[in-house]
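*Asks:* As a plain string of letters, each chain reads:
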Amino acid sequence: MKLIVTFSRKTGKKPIIAQVVRDTGVLINVERAQIDSSEGEALIDIPDGSCNVVKQRLSELGASVRVLEDVISLDESRCVDCGACISICPQEVFSFDEDWKLVVNGDRCVLCGRCIEICPQRALSQKGEA
Amino acid sequence: MEKTIDLIRERIRDGNARVVTAEEMPLIVEELGEEGALREVDVVTTGTFGAMCSSGAFFNFGHADPPIKMERVWLNDVEAYGGIAAVDAYIGATQKSTTREARYGGAHVMEDFVAGKAVELRALSTGTDCYPRRTITTELLLENLNQAIMVNPRNGYQRYNAAANSTDRTLSTYMGMLLPNCGNITYSGSGLLNPIMNDPAFRMIGSGVPAFLCGAPGMVVGEGTQHSPAGGFGTLMVTADMKEMSPDFLRAATMTGYGVTLYVGLGIPLPVLDVETVRSTAVRDEDIIVDVIDYGIPSRSRPSLRKVSYAELKSGYVEMNGEEIRTSSLSSYRRAREVAITLKAWVEEGRLDLALPTRRIDATRSAHPLRETVQGPRVLDIMDRKVISIGQDEEIRSAAQKLLKGETNHLPVIDSSGKLVGIVTTYDISKAVVNPGKATRVRDIMKKKVITTTMEEPVDIAVRKLEKHNISALPVVDRDERVIGMLTAMNLGKLFGGRWLK
Ligand code: SF4
Ligand code: SF4
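As they're listed, the protein sequences go chains A and B.
Here our numbering is used: position 5 in the first sequence is 33, and no number is missing along the way.
Here our numbering is used: position 6 in the second sequence is -14, and no number is missing along the way.
Possibly wrong hints are sitting among the right ones.
Pairs of lysine to aspartate or glutamate residues, derived as EDC-like cross-links and limited to a Cα-Cα distance of at most 16 Å, are as follows [what the hints assert, rightly or not]:
no. : chain 1 : residue 1 : chain 2 : residue 2
1   : A       : 129       : A       : 104
2   : A       : 129       : B       : 375
3   : B       : 49        : B       : 109
4   : B       : 418       : B       : 352
5   : A       : 129       : B       : 373
6   : B       : 294       : A       : 127
7   : B       : 427       : B       : 460
8   : B       : 294       : A       : 125
9   : A       : 155       : A       : 145
10  : B       : 294       : A       : 104
Bear in mind the hints are in silico, worked out from the structure with no lab data behind them.
This structure is a prediction, so every number in the text was calculated from the model and none was measured.
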């Protein structure tokens, strides 16, 4: 399962994710991170059962946590099942079923944004930002 | 055995005709043999649904009171060609909006009309005795137009070369996003369902034959522009009434970094009159071969990376240099199939009257490139021939001194044999001064990855490099990697009054 973690860096440059790994013993996979001088945002992947302990520890350390679910949303009325999104997604989120209809397997998405940018029909958006 | 078109029409009228899609044909021929298939099948329907830039429509708006001769015409801020009669205009699919740029264009105007939305017409005129009015602005629905006739100069490309990119940066092209180092392959076209692919000799497809166009019953006008059937790249000019079209088969699209285009659904029914038609409609994806073109090379004669069949492209992976590379289609096979299936129903219901060409399309022509009588400027025409360079083992100080003389902001760095090995800019030196660290030599602070140009390179290509990499100078190198000149934004600005830079 994927979590978006946002933390402020004003209080110092604590290695917050490393700390959570140490404290909880959960192995965290950082899939994407964007950190500037005042704020950091990381997309992490953790085993499904460990969500609560990781969330709790992150919050204690002052980070805010959001669970990512089906983040990429497909507007079926715009999509023409061309497949342009298939080969550019680094996570193989998209594929065709046997009838050449687009299938979206959103769990794997790391929100790189490429598919949203290139869809010729503008049929893809990030949930909540459509 | 041969059949006549009248026999097939009669069978359709009696409800006895066997109509199949081109997808079903290979199997039928395999099972029944060619003669058997000829007896059994009366019509084969084809279909394709993909980006077809060369599309557009003629509109007649009707006369206003007082009347105006519309000389310049905009529809939702997209300019349409008004250099025809007073209230006629032609809108092209790829024309960009003057206000919304690549997010809205001629294709979107067409889609909005077909989807029943109101479109704003704006027109200007110089005014004449018979047409005194100078401006008009009004909202129109498709039903308010006298005519909206789609005429697409080039549709239904027989097949289309696939695309990849061997360079180390991402490219945005009309073939979609091409990832660096051949990270993906894109292709277009419906392969075995493509109309011309099922009749490459143009025996059944020609002027006057019926067609499915964007959901409307339409017609083939004749050969399309850039028609090049000799090499297997035939095209068609097609037409239909926009008022009968459906947004399911006509879609505006934006190719990121490239522009606006129109996705068009096109299909043609082929009467099966003889064994030759049976044979050509039995074409399979395995038989249709195209090149994978390297779009990393910015010239007309881009090299082919390998040959590939539509069967491989459609499988989702193509092998190249020992690696499995993912493919993306830009056209929709699902919709192409829907076109062929809808067309099949139309033929069975008698909604389209089958016909043979009233004028044949030449199946032997090939298109040639543009004749250019004036050669565009090349780098050698405008480059700075005076090159100030620096050796990689010299001290940063001497680089600073050279730059301080003020003649340049970029110093190409060379090794002892005179070859280009890096570049330093005023910025790199300032950085080295602010953070002294251990760097003392030019080689410690230079950028090793240098983007270069050559004397023969067209200026437009060099300008793309400057823009793409966000830099302001390119060393000009010869075959031995020796710097023989510099091309800077300043050269361009001076010589062309800025025309070459956006
Ligand atoms: S690129 Fe867009 S239109 Fe094409 S299949 Fe993907 S989501 Fe659908
Ligand atoms: S955002 Fe990136 S990872 Fe997610 S589906 Fe789109 S291309 Fe794939």
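*Asks:* Next step is simple, just say for each hint if it's right about the structure.
*Replies:* These are the hints, each one checked on the structure:
1. With a CA separation close to 11 Å, the supplied pair residue 129/A and residue 104/A stays within the 16 Å bound.
2. A hinted pair counts as satisfied when its Cα atoms are at most 16 Å apart, and residue 129/A with residue 375/B does not qualify at roughly 63 Å.
3. Our distance criterion of 16 Å between C-alpha atoms is met by residue 49/B and residue 109/B, whose separation comes to about 11 Å.
4. A threshold of 16 Å between alpha carbons decides the hint, and for residue 418/B with residue 352/B the separation of about 55 Å lies outside it, so the pair is violated.
5. This hinted pair does not check out: residue 129/A and residue 373/B have alpha carbons roughly 60 Å apart, beyond 16 Å.
6. For the hint linking residue 294/B to residue 127/A, the alpha-carbon distance of about 12 Å falls within 16 Å, and the restraint holds.
7. At roughly 20 Å between alpha-carbon atoms, residue 427/B and residue 460/B are farther apart than 16 Å, so this suggested pair is violated.
8. Taking the CA atoms of residue 294/B and residue 125/A, the gap is near 12 Å; set against the 16 Å cutoff, the hint holds.
9. A hinted pair counts as satisfied when its Cα atoms are at most 16 Å apart, and residue 155/A with residue 145/A qualifies at roughly 15 Å.
10. With a C-alpha separation of about 22 Å, the suggested pair residue 294/B and residue 104/A falls outside the 16 Å cut-off, and the hint is violated.
In terms of the numbered hints stated before, the structure departs from hints 2, 4, 5, 7 and 10, listed from lowest to highest.
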